[in-house]
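Visitor: Under this note's numbering, residues 512 to 976 are what the sequence shown spells out, in order.
Calculated directly from the structure, the hints in this document are not laboratory data. Worth double-checking, as some hints may not be accurate.
Unchecked claim - Pairs of lysine-lysine, DSS-like flavour, derived with a Cα cap of 27 Å:
1. Lys645 - Lys763
2. Lys873 - Lys822
3. Lys695 - Lys645
4. Lys645 - Lys798
5. Lys873 - Lys798
6. Lys846 - Lys873
To be verified - Ranges of calculated distance between the beta carbons of each label pair, as one might list FRET restraints:
7. Gly882 - Arg736: 27 to 35 Å
8. Arg669 - Asn862: 54 to 62 Å
9. Leu739 - Phe875: 40 to 48 Å
10. Gln713 - Phe870: 41 to 49 Å
11. Ser661 - Phe870: 53 to 61 Å
12. Ala852 - Pro903: 33 to 41 Å
13. Glu656 - Gly848: 37 to 45 Å
14. Ala611 - Glu881: 23 to 31 Å
15. Arg622 - Arg669: 35 to 43 Å
16. Gln713 - Lys645: 28 to 36 Å
Beta carbons: idealized from backbone N, C-alpha and C, even for Gly.
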Amino acid sequence: MADLAQSCDVLVAGGGNAALCAAITAREAGATVLLAEYAPCDFRGGNSRHTRNFRVMHGAPTATLTEAYGEDEYWDDLRRVTAGETDEALARLTIRGSAAAMPWMERHGARFQPSLTGTLSLSRTNAFFLGGGKALLNAYYRAAERLGVSILYGAEVRELHLRDGAIESVAVDIGGTTATVRAKSVVVASGGFQANIDWLRQYWGPAADNFLIRGTPYATGRVLRNLLDQGVMPVGDPTQCHAVAIDARAPKFDGGIVTRLDAVPFSIMVNRDGRRFYDEGEDLWPKRYAIWGRLIAQQPDQIAYAITDAKALTLFMPTMFRAITAASVGELAGKLGLDAAVLANTVRTYNAAVRPGAFNDKVFDDCRTEGLTPPKSHWAQPIDTPPYHAYPLRPGITFTYLGVKVDDRARVLMTGGRATRNLFAAGEIMAGNVLGRGYLAGFGMTIGTVFGRIAGVEAATHACH
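Hey, can you work out the whole structure from these sequences and the hints?
Guide: Laid out in structure tokens, this is it:
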């Protein structure tokens with residue numbers, strides 16, 4: 512057994528955005544830092560590799576953001592999507608911290624582009640990374656290496672030995688050999704348990720076998736499970752997760768952003784039985800796209816189909832897979848394996864319920880249905896212009912909300928509320944403190960960035976003073 516005693520002041524478990532923000536910040540605060548990334552180098556970065564943007568508070572237009580997005584509006588957006596299941600103090604801490612994040616990110620190599628137009632309509636609220644999440648991570652890794660952060664790849668943190676509220680040592684598997692690390696402080700930024708199908712099955716039953724995992728296959732939840740088993744206070748509903756509708760033809764793991772479908776507001780969504788099951792136009796897409804994975808998970812065989820026609824094709828970003836097309840609704844049903852008579856009746860009934868209005872894909876419009884259950888509240892247009900198009904969809908799990916409870920210094924709390932002395936958390940492993948349910952586009956990266964920086968400062972302060 513290798514012994515790496517006193518190899519560092521701060522050990523960071525994880526290799527994504529939150530972990531790198533913590534490692535860089537701790538190193539700049541004077542600590543020696545070891546970052547243990549479970550994935551190999553080519554697949555480093557966790558779910559952050561697949562991101563595009565983060566949500567940021569700002570008081571005036573910037574080079575990459577339009578208008579203003581203040582704290583109270585940001586908080587109101589979060590409160591509504593979480594239905595109040597959030598710690599307001601930690602949420603506002605995150606929101607306020609986002610305002611200072613962009614300059615820090617740019618100092619460490621991040622570059623931003625003008626926000627995308629189209630379905631997401633995020634030009635006012637979200638800053639987009641030039642080159643996407645992988646480019647951001649590459650910049651951060653370069654910054655960490657320049658600063659002298661030691662980085663281990665293929666290094667799985669397997670056990671954290673917690674005694675009397677402090678981490679005494681950490682067991683890290685490196686290429687089949689267990690190393691013991693006795694860092695003065697530890698930051699866990701190792702994600703949720705979404706890649707652990709057996710664990711998901713405990714809450715979802717056999718339906719979990721049909722889930723697709725959008726991000727890294729290395730998010731098995733081993734660190735989370737280890738800490739919960741040792742009396743760390745849990746936070747978040749284990750049945751809740753960030754789950755979106757993704758193309759059913761996507762791979763089991765690591766499909767990323769290119770498999771997500773944003774056509775829902777401009778389609779009707781039908782299940783395996785050819786029937787609609789929810790209001791596709793309930794709200795603006797950035798505030799509703801993260802509910803559709805859960806909705807599909809509740810349907811027979813955990814599959815659904817977005818049905819639309821030729822006039823809607825320019826309104827959304829398609830997936831990497833081609834749409835399934837047909838000259839008639841009946842022919843389309845045959846290609847999807849659906850009952851042609853049932854699907855034709857669903858489309859016919861929907862078309863008859865549409866009330867025309869002034870269509871506007873950027874705001875709430877008055878195109879809706881009447882006398883239809885479930886209704887379509889906005890962006891309702893008849894599906895009547897061939898060729899007809901369909902995308903098969905399954906639940907795409909991004910991350911789980913069960914995590915560890917933290918305070919405003921990112922300290923992990925034990926059951927009963929006592930703070931650990933040298934254990935801190937950032938990113939998805941603690942996101943349930945702020946995201947009890949629902950999601951806001953780009954907010955996961957905001958949580959990781961803000962709490963990564965807090966955890967880095969606090970871990971270095973404990974280790975060096």
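Visitor: Determine for every hint whether it applies to the structure shown.
Guide: Against the structure, the hints come out as follows:
{"no.": "1", "hint": "Lys645 - Lys763", "in the structure": "holds (20 Å)"}
{"no.": "2", "hint": "Lys873 - Lys822", "in the structure": "holds (16 Å)"}
{"no.": "3", "hint": "Lys695 - Lys645", "in the structure": "violated (30 Å)"}
{"no.": "4", "hint": "Lys645 - Lys798", "in the structure": "holds (25 Å)"}
{"no.": "5", "hint": "Lys873 - Lys798", "in the structure": "holds (13 Å)"}
{"no.": "6", "hint": "Lys846 - Lys873", "in the structure": "violated (32 Å)"}
{"no.": "7", "hint": "Gly882 - Arg736: 27 to 35 Å", "in the structure": "violated (50 Å)"}
{"no.": "8", "hint": "Arg669 - Asn862: 54 to 62 Å", "in the structure": "holds (57 Å)"}
{"no.": "9", "hint": "Leu739 - Phe875: 40 to 48 Å", "in the structure": "holds (42 Å)"}
{"no.": "10", "hint": "Gln713 - Phe870: 41 to 49 Å", "in the structure": "holds (44 Å)"}
{"no.": "11", "hint": "Ser661 - Phe870: 53 to 61 Å", "in the structure": "holds (56 Å)"}
{"no.": "12", "hint": "Ala852 - Pro903: 33 to 41 Å", "in the structure": "violated (20 Å)"}
{"no.": "13", "hint": "Glu656 - Gly848: 37 to 45 Å", "in the structure": "violated (51 Å)"}
{"no.": "14", "hint": "Ala611 - Glu881: 23 to 31 Å", "in the structure": "violated (48 Å)"}
{"no.": "15", "hint": "Arg622 - Arg669: 35 to 43 Å", "in the structure": "holds (36 Å)"}
{"no.": "16", "hint": "Gln713 - Lys645: 28 to 36 Å", "in the structure": "holds (32 Å)"}
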